[in-house]
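K.L.:
Place chain X on chain Y using the hints.
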Amino acid sequence: MQSTYMTRRTVLGVSLGPLAGGRAAIAADVTLLNVSYDPTRELYRDINRAFSTAWQAKTGQRVTINQSHGGSGAQARAVLDGLQADVVTLALAADIDALAKRGLLAADWQGRLPANSSPCTSTIVFLVRQSNPKGIHDWPDLLKPGVTVITPNPKTSGGARWNFLAALAWAQRQPGATDASAEAFMRALFHQVPVLDTGARGATNTFVQRDLGDVLIAWESEAWLARKEFGADTYATVYPSLSILAEPTVAVVDSVVDRKGTRALAQAYLEFLYTPPAQDIAARNYYRPGDPAVARQYAERNPALNLVTIKDFGGWDTAQARYFADGGLFDRIYTAGK
Amino acid sequence: MTTARRSALPGFGPAMAITLCWVSLIVLVPLASLALRPWELGLAGVLHSVTEPRVLAALKLSFGAAALAASVNVPFGLLVAWVMVRYRFPGRRLADSLIDMPLALPTAVAGIALTALFSPKGWIGAWLTPFGIKVAYTPLGIMVALVFVGLPFVVRTLEPVLMDLPQDAEEAAATLGATRAQTLRRVVLPALAPALLAGFAAALARGVGEYGSVIFIAGNMPMISEIAPLLIVIRLEQLDYAGAAALGLIMLLVSFAILLLLNLLQKRMGVRVR
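Protein sequences, first through last, are from chains Y and X. Positions 6 to 343 (the numbering used here) are the ones given, in order, by the first sequence. Positions 4 to 277 (the numbering used here) are the ones given, in order, by the second sequence.
Looking at chain Y on its own, in the form it has when it is part of the complex (with noise of 0.2 Å):
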């Protein structure tokens, strides 16, 4: 049996040697590097693994692509100083935009892939403990008195300022609701925060790890993740009447791609993104896949919510300025009336 096994190997390497060794003399080894958010590592460890068999399979090139993991805006400053990332999918535009404003990516990059540059997005959830007996349902539910909130801190955190954003659209469209109302909204709830995690996944070891809190306000995926990870009867989610949709977005750097001669390995790299096995792959990590096909088969994992998007506070630019520079509303709540 054995020999049998090693005389066939054998016939297949000789066979096969000299046709390998012709393709790499045409189409060397390449590496591409990933530079991304922080909990997405088991989604482009997969997503990597399926896209470089698909593009050995089509073009013989055999493509090695390292992934880089971290704070989005920590991982945005590192491609700033010169980190020779080909591609950037970060957790939200405002980041890439910032590569854009220093010439490092034309200005128009989030018009150049479909719906918005997000081949998948997310949403803001809550994730409270076993039964929920804090009895937590809604936004308004988070300032009960006794209530402990944990959110990571919107200025070094993606996610956090996806969070805020969510709760900030729930307050803007209460009856009545003014811009002093939902600033002071916005500072009962953090009141409620007792500690500011500076990711998201900090925030998440918080809740799960330190057993603080009654409710950590988390990405979809995250709070799957939990879940998965602890078991999905210590935990359950809980999806609020009004919730924002988070768009992770994916760009091409080109002043990297030019100079490395990647740019059509990089493009196809974040095209294969959009195609049903990688939307299946990001529907299986928990994250909303944009593709309708997929989306259905995951649809009892992903219910349908009421959700804004960024476009509803005019772009990142203008909340960037009205609530996270500084000054703005978020460092309001904390320095005014001290």
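Take the hints with a grain of salt, since some may be wrong.
Claimed, not checked - Keeping only pairs whose Cα atoms sit at most 30 Å apart, straight-line, the calculated DSS-like set for lysine-lysine is:
no.	chain 1	residue 1	chain 2	residue 2
1	Y	LYS149	X	LYS124
2	X	LYS137	Y	LYS139
3	X	LYS63	Y	LYS233
What the hints assert, rightly or not - Simulated restraints, written as ranges between beta carbons of each label pair:
no.	chain 1	residue 1	chain 2	residue 2	range
4	Y	ASP86	X	PHE259	52 to 58 Å
5	Y	THR340	X	ALA177	57 to 63 Å
6	Y	PHE235	X	GLY212	33 to 39 Å
7	X	SER74	Y	THR340	28 to 34 Å
Honestly, the hints are just simulated from the structure, not real lab data. These numbers were taken from a predicted model, which means no experiment stands behind them. Yeah, the Cβ is synthetic: ideal placement off N, Cα and C, and Gly gets one too.
P.N.:
Then chain X, alone, in the frame of chain Y:
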């Protein structure tokens, strides 16, 4: 110059040249680049960016917590150093290596471990909660972390001085009828004062700049438990390089002033003792 001529190193010139180059390369050039960075904001902009209430609160917290932690470390560090130098006991070498652990341990690991211990559901935190004492996610937590990272600095500064401290001076004081307390107060502590101050300065300097261990336990609430190094990181995340450098510069200047003052004080004490 005469001492230089007699020294073991061959030649004052080359040694001094290498020293200057090295110090410039490792210390002065990075510091100079930091000092030059913020001025694109203009003087008014720099002043404004370091006098916001949130910045002032963070600076007060960073320097205050570091000073308190160093003050805690001085008496306990003295005790530890005393035991290490004056007594021989089983496990002494092991204890000696343990003291260095806060230096070797990645600070993030220390921070996470301390947070796990002191959080309301942690081993120690669970005992303190009924008494209304909150450590993790408060300024007290920051102090705990800084005491942890600062201890070896005090112990290691004191040990060589304690070793050199002649025990016969204490014996002489005793034979002259001094009580133990008097010996400690009149003989031992004055001789140790410069070293105690140096240990305090080292622990303080370490605490002011500490980021890794503090960030996990601090809670990071603006105006309450947000340390200055975190504000620097936040400014970098906002791509406000100049603002971050301004804050770095102000921390550098304050630290430099404090260390200079402590150095002068230490020198005067040294003179008085001799």
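K.L.:
Take the hints in turn and mark each one as holding or not.
P.N.:
Results of checking the hints against the structure:
1. Y:LYS149 with X:LYS124: holds, 22 Å
2. X:LYS137 with Y:LYS139: holds, 22 Å
3. X:LYS63 with Y:LYS233: Distance ~43 Å between LYS63 (chain X) and LYS233 (chain Y) Cα, so the pair is violated.
4. Y:ASP86 with X:PHE259: 52 to 58 Å: Given range 52 to 58 Å: violated, Cβ gap about 27 Å.
5. Y:THR340 with X:ALA177: 57 to 63 Å: Taking Cβ atoms as reference, THR340 (chain Y) and ALA177 (chain X) lie about 59 Å apart, which means the hint holds.
6. Y:PHE235 with X:GLY212: 33 to 39 Å: holds, 36 Å
7. X:SER74 with Y:THR340: 28 to 34 Å: The hint (28 to 34 Å, Cβ to Cβ) holds, given that SER74 (chain X) and THR340 (chain Y) are roughly 29 Å apart.
Comparing the model with each earlier hint shows violations of hints 3, 4; every other hint is respected.
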